[in-house]
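In the order they appear, the protein sequences are chains A, B and C.
Start counting the first sequence at 32; every next residue gets the next number (this note's numbering).
Start counting the second sequence at 32; every next residue gets the next number (this note's numbering).
Start counting the third sequence at 32; every next residue gets the next number (this note's numbering).
If you are wondering where the hints come from, they were derived from the structure by calculation, not from laboratory data.
Keep in mind that this is a model prediction, so the values were computed, not measured.
Worth double-checking, as some hints may not be accurate.
Any copy will do: because identical chains look the same in the list, a pair fits if it lies in one copy or spans two.
Claimed, not checked - When the alpha-carbon atoms are kept at most 25 Å apart in a straight line, the in silico DMTMM-like pairs for lysine to aspartate or glutamate are as follows:
(1) Lys285 / Glu58
(2) Lys285 / Glu384
(3) Lys285 / Glu224
(4) Lys285 / Asp183
(5) Lys285 / Glu371
(6) Lys285 / Asp367
(7) Lys285 / Glu97
(8) Lys285 / Glu372
(9) Lys285 / Asp59
(10) Lys285 / Asp379
(11) Lys285 / Glu184
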Amino acid sequence: MPREREQRDQPSGVRVSGKATPGNYFEDLVVGRELIHATPRTITEGDAAVYLSLTSSRYPLFCDAEFARSLGFERELVNDLLVFHVVFGNTVPDISLNALANLGYADLRYGAPVYPGDTITSTSTVIGAREASSGTQGITWVRTRGTNQRGDEVMSYVRWVLVNKRDPESPSGFDDVPVTPERVAVSDLVVPEGLDLSRFEPAVTGGRWWWEDYEPGERIHHIEGVTVEEAEHQMAARLYQNTARAHFNAHALKDQPPFHRRVIYGGHVISVARALSFNGLEHVLRILAWNGGTHANPTFAGDTIFAWSDVLERIDLGRDDAAALRLRLVAVKNNDPATEEQAFRVTDDNGRERYDSNVVLDLDYTVLVPRRPRG
Amino acid sequence: MPREREQRDQPSGVRVSGKATPGNYFEDLVVGRELIHATPRTITEGDAAVYLSLTSSRYPLFCDAEFARSLGFERELVNDLLVFHVVFGNTVPDISLNALANLGYADLRYGAPVYPGDTITSTSTVIGAREASSGTQGITWVRTRGTNQRGDEVMSYVRWVLVNKRDPESPSGFDDVPVTPERVAVSDLVVPEGLDLSRFEPAVTGGRWWWEDYEPGERIHHIEGVTVEEAEHQMAARLYQNTARAHFNAHALKDQPPFHRRVIYGGHVISVARALSFNGLEHVLRILAWNGGTHANPTFAGDTIFAWSDVLERIDLGRDDAAALRLRLVAVKNNDPATEEQAFRVTDDNGRERYDSNVVLDLDYTVLVPRRPRG
Amino acid sequence: MPREREQRDQPSGVRVSGKATPGNYFEDLVVGRELIHATPRTITEGDAAVYLSLTSSRYPLFCDAEFARSLGFERELVNDLLVFHVVFGNTVPDISLNALANLGYADLRYGAPVYPGDTITSTSTVIGAREASSGTQGITWVRTRGTNQRGDEVMSYVRWVLVNKRDPESPSGFDDVPVTPERVAVSDLVVPEGLDLSRFEPAVTGGRWWWEDYEPGERIHHIEGVTVEEAEHQMAARLYQNTARAHFNAHALKDQPPFHRRVIYGGHVISVARALSFNGLEHVLRILAWNGGTHANPTFAGDTIFAWSDVLERIDLGRDDAAALRLRLVAVKNNDPATEEQAFRVTDDNGRERYDSNVVLDLDYTVLVPRRPRG
Numbered sequence: 032m033p034r035e036r037e038q039r040d041q042p043s044g045v046r047v048s049g050k051a052t053p054g055n056y057f058e059d060l061v062v063g064r065e066l067i068h069a070t071p072r073t074i075t076e077g078d079a080a081v082y083l084s085l086t087s088s089r090y091p092l093f094c095d096a097e098f099a100r101s102l103g104f105e106r107e108l109v110n111d112l113l114v115f116h117v118v119f120g121n122t123v124p125d126i127s128l129n130a131l132a133n134l135g136y137a138d139l140r141y142g143a144p145v146y147p148g149d150t151i152t153s154t155s156t157v158i159g160a161r162e163a164s165s166g167t168q169g170i171t172w173v174r175t176r177g178t179n180q181r182g183d184e185v186m187s188y189v190r191w192v193l194v195n196k197r198d199p200e201s202p203s204g205f206d207d208v209p210v211t212p213e214r215v216a217v218s219d220l221v222v223p224e225g226l227d228l229s230r231f232e233p234a235v236t237g238g239r240w241w242w243e244d245y246e247p248g249e250r251i252h253h254i255e256g257v258t259v260e261e262a263e264h265q266m267a268a269r270l271y272q273n274t275a276r277a278h279f280n281a282h283a284l285k286d287q288p289p290f291h292r293r294v295i296y297g298g299h300v301i302s303v304a305r306a307l308s309f310n311g312l313e314h315v316l317r318i319l320a321w322n323g324g325t326h327a328n329p330t331f332a333g334d335t336i337f338a339w340s341d342v343l344e345r346i347d348l349g350r351d352d353a354a355a356l357r358l359r360l361v362a363v364k365n366n367d368p369a370t371e372e373q374a375f376r377v378t379d380d381n382g383r384e385r386y387d388s389n390v391v392l393d394l395d396y397t398v399l400v401p402r403r404p405r406g
Numbered sequence: 032m033p034r035e036r037e038q039r040d041q042p043s044g045v046r047v048s049g050k051a052t053p054g055n056y057f058e059d060l061v062v063g064r065e066l067i068h069a070t071p072r073t074i075t076e077g078d079a080a081v082y083l084s085l086t087s088s089r090y091p092l093f094c095d096a097e098f099a100r101s102l103g104f105e106r107e108l109v110n111d112l113l114v115f116h117v118v119f120g121n122t123v124p125d126i127s128l129n130a131l132a133n134l135g136y137a138d139l140r141y142g143a144p145v146y147p148g149d150t151i152t153s154t155s156t157v158i159g160a161r162e163a164s165s166g167t168q169g170i171t172w173v174r175t176r177g178t179n180q181r182g183d184e185v186m187s188y189v190r191w192v193l194v195n196k197r198d199p200e201s202p203s204g205f206d207d208v209p210v211t212p213e214r215v216a217v218s219d220l221v222v223p224e225g226l227d228l229s230r231f232e233p234a235v236t237g238g239r240w241w242w243e244d245y246e247p248g249e250r251i252h253h254i255e256g257v258t259v260e261e262a263e264h265q266m267a268a269r270l271y272q273n274t275a276r277a278h279f280n281a282h283a284l285k286d287q288p289p290f291h292r293r294v295i296y297g298g299h300v301i302s303v304a305r306a307l308s309f310n311g312l313e314h315v316l317r318i319l320a321w322n323g324g325t326h327a328n329p330t331f332a333g334d335t336i337f338a339w340s341d342v343l344e345r346i347d348l349g350r351d352d353a354a355a356l357r358l359r360l361v362a363v364k365n366n367d368p369a370t371e372e373q374a375f376r377v378t379d380d381n382g383r384e385r386y387d388s389n390v391v392l393d394l395d396y397t398v399l400v401p402r403r404p405r406g
Numbered sequence: 032m033p034r035e036r037e038q039r040d041q042p043s044g045v046r047v048s049g050k051a052t053p054g055n056y057f058e059d060l061v062v063g064r065e066l067i068h069a070t071p072r073t074i075t076e077g078d079a080a081v082y083l084s085l086t087s088s089r090y091p092l093f094c095d096a097e098f099a100r101s102l103g104f105e106r107e108l109v110n111d112l113l114v115f116h117v118v119f120g121n122t123v124p125d126i127s128l129n130a131l132a133n134l135g136y137a138d139l140r141y142g143a144p145v146y147p148g149d150t151i152t153s154t155s156t157v158i159g160a161r162e163a164s165s166g167t168q169g170i171t172w173v174r175t176r177g178t179n180q181r182g183d184e185v186m187s188y189v190r191w192v193l194v195n196k197r198d199p200e201s202p203s204g205f206d207d208v209p210v211t212p213e214r215v216a217v218s219d220l221v222v223p224e225g226l227d228l229s230r231f232e233p234a235v236t237g238g239r240w241w242w243e244d245y246e247p248g249e250r251i252h253h254i255e256g257v258t259v260e261e262a263e264h265q266m267a268a269r270l271y272q273n274t275a276r277a278h279f280n281a282h283a284l285k286d287q288p289p290f291h292r293r294v295i296y297g298g299h300v301i302s303v304a305r306a307l308s309f310n311g312l313e314h315v316l317r318i319l320a321w322n323g324g325t326h327a328n329p330t331f332a333g334d335t336i337f338a339w340s341d342v343l344e345r346i347d348l349g350r351d352d353a354a355a356l357r358l359r360l361v362a363v364k365n366n367d368p369a370t371e372e373q374a375f376r377v378t379d380d381n382g383r384e385r386y387d388s389n390v391v392l393d394l395d396y397t398v399l400v401p402r403r404p405r406g
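Whole structure, please, built from the sequences with the hints as guidance.
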């Protein structure tokens, strides 16, 4: 825990300066505080290639420039999740360097498409803070926005994190829990401007299923599983300039309960699960929103990740060519839910409901899907 | 084996859909069937960089834009093998998701150069199918083509794979073995249009040997060896959107004979061996053809790969500035053939000839090489 | 040791050729010899992305095109260290394939900025050579230069390496030690042409400290540590086309004292330490020079790297907007110098001073830093 990592006495003649920042603590993140996060990032086709090599995403809007152009885009887009990770990564030094856990996400909406070459800046506003009864930590809520070099919002979301206090002895008095919507309002779903599906070619995705084919209550097992290596999740988190100790510093972590080892960046699990989800959701164009999301359990190097999707809702967007699907994307480790018994929520000995210990992701999100062409 | 992985009963209220595809089985791949493979791919300079970081290829046509321009190209080309891997990767969901082994390649020819930014589409025709006597599997032959966004063919090849049957009980009656040429016809070798070697600068490659210097019967040991890590071969296969379970799913594979672990994508071994081959073949410009190729034995993470080349044939292309060499590229694991005893083919106890167990690749291919400049 | 790796007898009928080069030996590197290193390299934004995924560098001049433009550059620059690694990597086949150790660097200066798309050629001149008393090896000094496609020098440096002799029996008589400057002359520090800090925006770096704030004698612990994996350092070295056996060939190395395993390319340690140094040195724009550098001890996969910076000197460059800082960047393995006891230099039992065994890098270098704006 960072506050225990005070710098020791140094050899005589050396003055240790405080120029390196240990990151913000719970007390620093006062409701209403605005943060402009450092190191805006130009996302290039190089980043897209590294992302692909770490995830094997096959959704064609992000890897087929001709397909993207045929739908009215300038060229292939930067993967929606790569955009999220870069925006998120830039918040880490200010928000979550001293975080103990990423507790959840809400009201995440995508805006303007991001193209290779765009430069993304992240800013956040603290919208809630509640000290835990223990006094050693608290929950901080932030609304984070990513904007491109023209000032267009490319995404916006709320997340809440468990953050260490600087001073466990002094109560902060913070007790301000914001209201977050249970789902992103349909009116907040942004269909990319100029989208034109008249030339949508099903052979490009290889899928056979249109929006009308997906039924609420339906579960799609995505069949395959992917084992994640230490080098892979580290490269992913580094690509996003996410410097959180939990992913990188085996020396410090070996003495740190409860895991005593590196934990995979939860966002990498989202990327892997979303890439797996292509098998069965081929026509999905892009993500419009995350309604909510939880990293249900930690994932470690050597774990094999599987995924399924539950169809939650079909959402009409008032257009003939495309509509939205609300899905639950669940990632599971070291058990193939398509062929082996796998619970989702279980009741523990104390009668409390929690996620099964193999479940590592529960993401409620909304995607854009072509409607079945007429005639 | 996929057919044993039927989806189990699900919790009440959840309807498991069949929208995710388990891939084609032997019976699905009827001779004459045409397949347009999904997710065409824009190959970028990002992909080239990831490829380089995984292989250390030094052939300058693929990493030196100025050299490429000096020979009449627009800029540096996408590495010939990266093109192959992308074309191949796109065939996996349709051809080899249920394949047990990649048995061989034939008649592979390169066509139009691929530049960063080009978008490659893969299509295949089933040209042969023969059920095995066991009835549980069969061999399928396909001719695969890669074309760019202008419709130019960038490569074409035949491969054959051992594929599981969907229904081992019902004989398919398939018994159709195609004729494949023992070597690519000289008239099918495509020298890139506009190639002009008048400004070829030997210092760029650092090599001293021209086409005339290579003698059939000569063996070149490429000296160095490279150890392959799990993260590396997974990243390579993912970069090519090759989703074959054998490379990724340690959870499923641990119970699966005969290896009980992840197998390195055989194409990655080709990439590594070809990169090693630069030492001794520096002036080689690009690959024109594969006459035949076999993944002689599997390779696993932790193995160290060495390579040698045998010069098989000098081929005159009717031009003064360049000609072709037919080479055999052999990759060996965990034994340095330059300094340690290493057999190539051995006779086993049953009197059958097979590859030595260290040999992992036997690739008969043809490359384009500058001729010694006159006076 | 390469000279022990003579090629063994081959099967009858196979003639082993000498076309693959074992690299130069000490005797080959005669003072005055000029070497044009092979395979010039076009550095792309793909390379920059792979570099970032392996280091997590956050210095914005290299990842934020808008920031770079605001300071008068065309776009984001290629990271100074990536340029070094590419220039260095190209020298390996000629200089250090048979090197036993990289002993040091001196008088390294950066020149013209490198942009994605530039093609870099490396050349070297042998400036010194001294045979060791053992007669089995010697020290070779080279001055290496990198130039872009317009012929502008992008960097220049001296390094010296311990190289095996081809023939330990025959004394070379080489005894020529060059004079290298203890530090790069201030007049040799090149501030990029057109640099204009009038629009420098501190929020971009997130830092609070200007040139005036850094005091000689001050030590900045950069707080975090990063564990390096085998796949990561191999990918880094491959990205630079650095083919030195020590980083890749586990099969050969397992029998080779003293380490019996792969050693991490020392340059990767520099990259990691420099990336860590962002925390506390946020406003630093680019590297101007290395005054000297030593890989104090080897680093292996699994090691966790920490870093501190000592402020050595403030250097006025005669401009109002920017000046130089001379820093000592020290990297340490498997011990957190901010919270645990860590010596730098120690005296061994024989009374000889050496680096503490955890110290892996001692780099004396000079960087460009904005001065505090007036008014």
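Here's how the hints hold up against the structure:
1. In this assembly of identical chains, Lys285 and Glu58 lie within 25 Å of each other by CA distance neither inside one copy nor across copies; the values are 28 Å within and 48 Å between.
2. Proximity of Lys285 and Glu384 under a CA criterion of 25 Å is satisfied in neither setting, with 30 Å inside one chain copy and 32 Å between copies.
3. In the homo-oligomer, the alpha carbons of Lys285 and Glu224 never lie at most 25 Å apart, since the shortest distance is 49 Å inside one protomer and 48 Å across protomers.
4. In this assembly of identical chains, Lys285 and Asp183 lie within 25 Å of each other by CA distance neither inside one copy nor across copies; the values are 43 Å within and 48 Å between.
5. In this assembly of identical chains, Lys285 and Glu371 lie within 25 Å of each other by CA distance solely across copies; the values are 15 Å between and 33 Å within a copy.
6. For a Cα distance limit of 25 Å, the shortest separation of Lys285 from Asp367 across copies, 13 Å, qualifies, whereas the shortest one inside one copy, 30 Å, does not.
7. Taking identical chains as interchangeable, the C-alpha atoms of Lys285 and Glu97 are never at most 25 Å apart, the minima being 48 Å within one chain and 40 Å between chains.
8. Proximity of Lys285 to Glu372 under the C-alpha cut-off of 25 Å is restricted to the inter-copy arrangement: shortest distance 18 Å between copies versus 33 Å within a copy.
9. In this homomeric assembly, Lys285 and Asp59 never come within 25 Å of each other (Cα to Cα): the closest approach is 28 Å inside a single copy and 48 Å across copies.
10. In the homo-oligomer, the alpha carbons of Lys285 and Asp379 never lie at most 25 Å apart, since the shortest distance is 28 Å inside one protomer and 30 Å across protomers.
11. Taking the shortest alpha-carbon separations for Lys285 and Glu184, neither the intra-copy value of 40 Å nor the inter-copy value of 46 Å comes in at or below 25 Å.
The structure fails to meet hints 1, 2, 3, 4, 7, 9, 10 and 11 from the earlier list, while all remaining hints are met.
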